[in-house]
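Next come the chains, spelled out residue by residue.
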Amino acid sequence: MVNPLWLFALSLGAAFLLPLVDRLGRRIALALVHGVTAAWLAAGIFWLSILLSGGEAMDFGTAGFMAPLAIVLRVGLAEAAGVTAVALTGLLAASSLTRSLRDAPLGGSMALLMVLMGLSGIVLTRDLFNLFVFLEISAIGTYGFLGFDDRKPALRAAFKYMIAGGLASSLYLIGVIYVYRLADTLNLDIAASGTALSGPAGTAAVFFLLAALLVELKPFPANGWAVDAYETAHPGVSAILSGASATALLLALWKILPLLGPAHLSLVAASGLATFAAGNLVGARQDRPLRMLGYSSVAQVGLVAAVAALARLSGLGDGGSDFAAMVAGGLLLNHLLAKTGLFLLAGAVEDDRARGPLSPLALAAAGILSAALVGLPPFPGFWAKWRLVRALADSGRWWILALVLGGSLLEAFYVFRWLGARTKGEAGEAPVRLGIRGAGPVLAALLLVAAGTLGGIRGPVPDLLLWAPWAAAAVLFLLDGIPGRLKGILSAAAAAAFGAAVWGRLDGLGQFFAVMLLGGGALFSIAALRKGGARRGLYPLLSAATLALGAILAARTPLEFFFAWETMTAASWLLVLRGRDGRKPALSYIVFGLGGAFLLMAGLAAGGWDGGTAAAGWPGLLVLAGLLVKAGALGVHVWLPGSYAESDDESSGFLSAALSKAPVFALFALALSLGAALPGGPWTSRVLGWLGLATALGGALYAVYQEDIKRTLAYSSLGQIGYILLAFAAMDQAGWTTSLYLALNHFLYKSMLFLAVAGVIQRTGTRNMYEMGGLIKKMPVSFLSVLMAIIALSGVPPLSGFGGKWLLYSTLIGKGWYLEAAVAFFASGVAFLYLYRLIHSIFLGQPKPSQSEVREAPAALVLPQLLLMAVLMAVSVFPRLMLDPILALVGDRFPTTLAFEGSRLRSALGYWDGTLTMVVTGGVFALCLAWMLANLHNPQSVRQFNIVFAAERPLRPETTHYAWRFFEPYRKALGFLTRERAERFWDAFGTGAASVGGALRRLYTGNGQTYALHVVLYVAVLYLLLGVL
Amino acid sequence: MMRRVLVFLAVAGLAAALLPLALGTGVPEAPGALATAYLEDAPGDFGAANVVTAIVVSYRGFDTLGEVAVLFAATAGVGALLTRKRLGIGDAEPADKPAATEILVTATGLLTGLLVMFGVYIFLHGHLTPGGGFQGGVVIATALLLGLLARPESKLSHGILSAVESLSGAAYVGMGLAGAFLAWGFLDPRVLPLGRIGSLVSAGSIPVIYSLIGLKVGAELSGILDALKGDRE
Amino acid sequence: METGILVRVGYALVSLFVITNYGLLLIGSMARISAKVQGRVGQPVWQPYIDIVKSTAKRNSIGHGVMFYLGPVFRLAGGVGTYMFIPAVYGSVLFRNFSDSGDLLLVMYFIFFGQLGMALGASEGGHPYSAIGVSRGLAQMTAFEVPFALSVIAVAIQYRTLDITAIVAAQQGGFWNWTVATNPLAVAAALIAFLGMSMHNPFSIVIAPQEIPIGPPTEYQSNLLGMLQTNRAIFNGAKLVLYMNLYFGGATDVVTMVVKTFLIYFINVFVGQAFPRFRVDQSIRFFLGVPTLIGIASVIIAAI
Amino acid sequence: MSILEFVSRINPVAASGAVLVLVGVWGVLARPNLFKIAIATSVLETGVNLVILSTGYIRGRTAPILDSAADASTAAARMTDPVPQALVLTAIVIGLAVTALQLSYAVRLRAAGGGSSIESYGDEKW
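Chains as they are written, first to last, in this note's numbering: chain A, 318 to 1346; chain B, -11 to 221; chain C, 3 to 306; chain D, 8 to 133.
Zero decoy hints are in this set.
Which bits of chain A does chain D cover? Going by a derived footprint, with three or more residues having C-beta under 8 angstroms, they are: (1) 457 to 469; (2) 485 to 498; (3) 1329 to 1343.
Example chain A residues on the side facing chain B (calculated, C-beta under 10 angstroms, incomplete): (4) Phe333; (5) Arg340; (6) Thr379; (7) Ala421; (8) Met431; (9) Ile454; (10) Ala518.
By construction, these hints were calculated from the structure, which means they are not laboratory data.
Here a beta-carbon is modelled for each residue, glycine too, at the ideal position from N, C-alpha and C.
Isolated chain A, as found in the complex:
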């Protein structure tokens, strides 16, 4: 192994000679600096490779002696990783720093060299006093580095930083000297092996060491000085501080853990968790990106420290130190790369006052970095967080679990809020290109992808099929330059190929849903061909979301399931974000999506999926709650309408028709894992039933008042999912049959509606129904499609929708849920309102002169609609086409009440013969049609305004088309039911969290002395707590 001392000699030699080298030119000097960093990186990687292939950790003495006489450096796995991380961050930051370093005095370059060497020294040394020296080298390097390019705010921040740093180093020195006095050594390993430090004096001495390191780790509330620095320094400096410096300091903390007693460890855990929570709360209030990243930084570091302490404190997790290394290490790696990349990226972007959207590559990097930071799959943070949550659940630390997940959710909120704003940019501004400054962020993003993917494939998710979404997204993203239509076909083909690959391993339920989920993805990929052009981003995301849905079906373990679930959430969120006004809806989509996912995660981790006794209890209920959030049950539905409305039209269709079935599938899978029962007992079923019913009614009522065609459909989807939940909750043969039947039907007619509406919007250029009218003559196929779809949706015979209604009422009355049945009846009635309004306002009534040139929708929309119409017709005439498979799926888990006699389906209460109904209706209709035609004498078509209008000519179509606020009397009568209580509740909730964050951030007054006061008070309080513990 390379002796690390050579590297120190190299660094110092280079630093000392730098003033001389600089006379040859600054470029050469900078090349030397980066070269030295590269040498560190090479050494780190070399050590890692040796150690990972079974090499032993090695100690290196100085001056020909070993411990205790001399200082010893150690190269073990953690040290090698730390050195690699530090050097890597230094090189990543180089892309953004180089230009500034060239223009600034040489001190900046020297400071960079010193900081990186100091941090590596912190990582490598095993001597407590030597640790102090390296802490000071990196601190003084940092002080110099903060102000190197002379930005005024950074100078102010640096002074505050120095005050706090000075306090910390004094504390550390006091600790070191008393450790020496008591343990008679400065070597960590020797000190840890003895018992000299276990008395009260030893505890106090170690406390000082610990307090100093904790302060250096920027704990809440003693971290204002650090956040100010993060915000104001050159982004490259912030990146190194947040990435490399935090890594080294955490490793220092890790090193002294063996010296700590249980009381110390509790302090670390408590302080870390408080920092995590407070950092994220305050971060959520922050609108300046760099400062926001600063808060996120301190929060993440707090979490890592807490995990390390908890692991040691009580053997959290299975394997003790291995667990801690994996989880804390994984979180740290994730934080390191993501935060470094984000600081560099945000710095580059925010520096330029450029307000435009990001260029595609920058956007991809920003997306990857943000997603990684938040802990989405497949990045290292995801795997680490899963293990953490699992361990916390196993050991029953629910408060910590809730805190970790809540904090992560907050973090997701503000990071994605920033990302959303950056993605969209401001209208009319040129896209922001990063140029060379993009190298660092892009490289960090690539490393994250590589680390996460490797960690996943070689770890808990070796099944390559589950990685298909990511592969598809990557491939299509790389091909994003090629014509969009080609990508659409590729995307559809990918869905088909995935379906073929996965079909064999799915059970009946999986196959049933695969038809909807994968078929839906393919369908809407084809529909997307309606527009030419590259349509950047659409196809990769659509394909990823589709395949992720497939992966959900194919998942075998809870982790695999959750992996696919989060993949689906992430991809669909980006689809929403891609919409023109998708920024706000996408934010609430992802926040609720992740909120649901975290509930799911907690439940899964606690064994809510294993079908064991835990699953029947509240872990199962947690899973259920998570799924309900994703399904958009009333109360947590607020994310749904905006997302469906503002995403691209084909994406909306995909979300509503296909993706909304994913939670339904998961509900069934959950119930099946418990032997066709719900967790929590019979009350769950009753409550779920009412919840579904409320969703059905609420969705329908809200849909009635919308002017926006897509919002109408969105609320309609909400309502339909409500029926599916209601029927599912009945937990008997009829109920499940109904639920599955409704799901498939909903897929069919909601696809038709969204396809038709996409065509209408494309042709008219508006989503407001009252701005349309009379389109039946221009778009007859779309009209027919909508007509059939609304007949099916409303449940009017003879189309297949009636089957759903019949099954539903049979179920409810048979089950004894009478009031539920009555409310369901009411809700179904309300559906007529918005459906009639939909078709009337768009296709009937007065055509607008401005829309006289409108044509039928493109073939890419019409053909799928024709196909769906044919399918709908077929299953209406022959209901058994759908019901036989469904009945077989439900099987004999429950007492049988439904059975076919020929074409007649019999329930406990009644019967329904779909085929005969269709024949009779068809016959009667034909008869009436014949009668009408036979008696139609001399029919004349008249022009548009030829109507009897109180003997006057109507003024304009715009004023004659009755469409705006169509159901105003209804609002007058029943408007009190739809006052957006859930929205107000969540708004109030958000305001509450924001005001907590707002109150907390008042601590950060900007006064360096106050920050110092926080530091000292923090230490004092910690000491008091130590006494209590």
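Knowing the structure of chain A, use the given hints to seat chains B, C and D on it.
Same frame as chain A, but now just chains B, C and D:
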């Protein structure tokens, strides 16, 4: 008021943590095992009469190298911060700088040479008597400080200072490497013969290292003083 | 299925013929009765026949588009179909219709078929008052469906079936077995709902736009109007038969059917003469108030 | 333990060092002037250095330098602990470096036109 209370509480809290430790550990009766080992082995190992120096330059020489690096980093930082450009000082010399007093100017002329000599003496005898490279370097820098006080308008040759600093630093690192290649480890002073304890030429390369450190520290502190004067380019 | 399909179609046509004539006469006689109540002479009982013949014989017809023409077709098919799915006379093969297509739920939902089609047809006419009328009608419909649904649920609970024939069968054996005797609350709720369903006063706001001489009936003329008028008779008849079956013991012969439906309809007209008209929001609140409570009570009674 | 006994056990160097530390901390927290903060930090460091030295002090012993008074064989019995002295040397120099840098920042901030009170440098907050 609130603030004062909090400051009081903070200081009181710190006192509560610190005083038991400072008062309670008392005065040791005898050095511990490590100290004893140093006291007994250092003369034999390195031939240095001053055990502290043996520790500072060899056993814990890595600390000292780091310490040099700290000073170096601070110098670099100060130098980068306080340039004329950044301080917003134009080329024009401020006219109203008071001239130094006659006493100071005369005394400086007398003392400068003595101070430099004394500094050199201190770091050359670092292995024998109290003192060493840092102390010597500081004394040398004092001479320069006197010069600056006596003639505020004088300019130190920044290039020479920087070259001395660089070369002595690099040479120090070179001595460390020499220890690794010629003796038993990085910074091992046993590159040169150890000599007789107590004589000037003894203790291996310790005097050489201390001289380099003295030069470097002298140059660095002079540089800092010069920079704080605020008229560096 | 002992009877052949052609025979069944033949029977159905006969049944349809009967109900059409009965419905027309019912409308005529009710108009006459109303006139008497108001102190007028009124129209002849056969006036509906005259209207239909007149309309159908018109030489010209104005059209606004395909859906406009299809509206009356949907409407009439809806009325006929609804009737076809109800067994009109208990035990009669002739009046069994096609009630084996589905149970009570099918009938309740098929009622919407004609209304929906008609609404669409009227909409294509482009007349704003058509849309206003439809919006009012739909809004009111959602409300009166609630007591009606509750009452139907009560019936279903009581007889443990949704099969209309079985419901009628369970009420055989005298007045005290009729629903009106066993669960009067259910009947009360259903009858109030019926007022709304028939759009008579006080719930006639739906057709108010037609009273000013504009709106759908004026847009629709010639044989299209004739079809609507025909449907009115059939549809009315179908609903009355349904009510009779559910609440009044059904009928074992045509005469009983005529008497019973006449009386049910009479209640309707009687109320219509006695009350003024509600606004839409008032009627919605009304239906979701007391009648719904009655309906819930009836369900509770039936469930206990 | 009587008070006298307790007082006699007190390490006077450590005690004075601790007091200096507290004074330094008070100065850092309570004096808003930038230069005074730097000086207070210096006082704090001096206090810490005293504390460090105090741990190596043994009553009645000589400095750890071999001379006529003590040769290698009797060193362990007659000399004080050399380690804290070696450490304090490093600590002093590092403290010096920090002070120099802190003062430079103070000079730099003043030169940029800000006040000499730290309260005037609070633009970054919340």
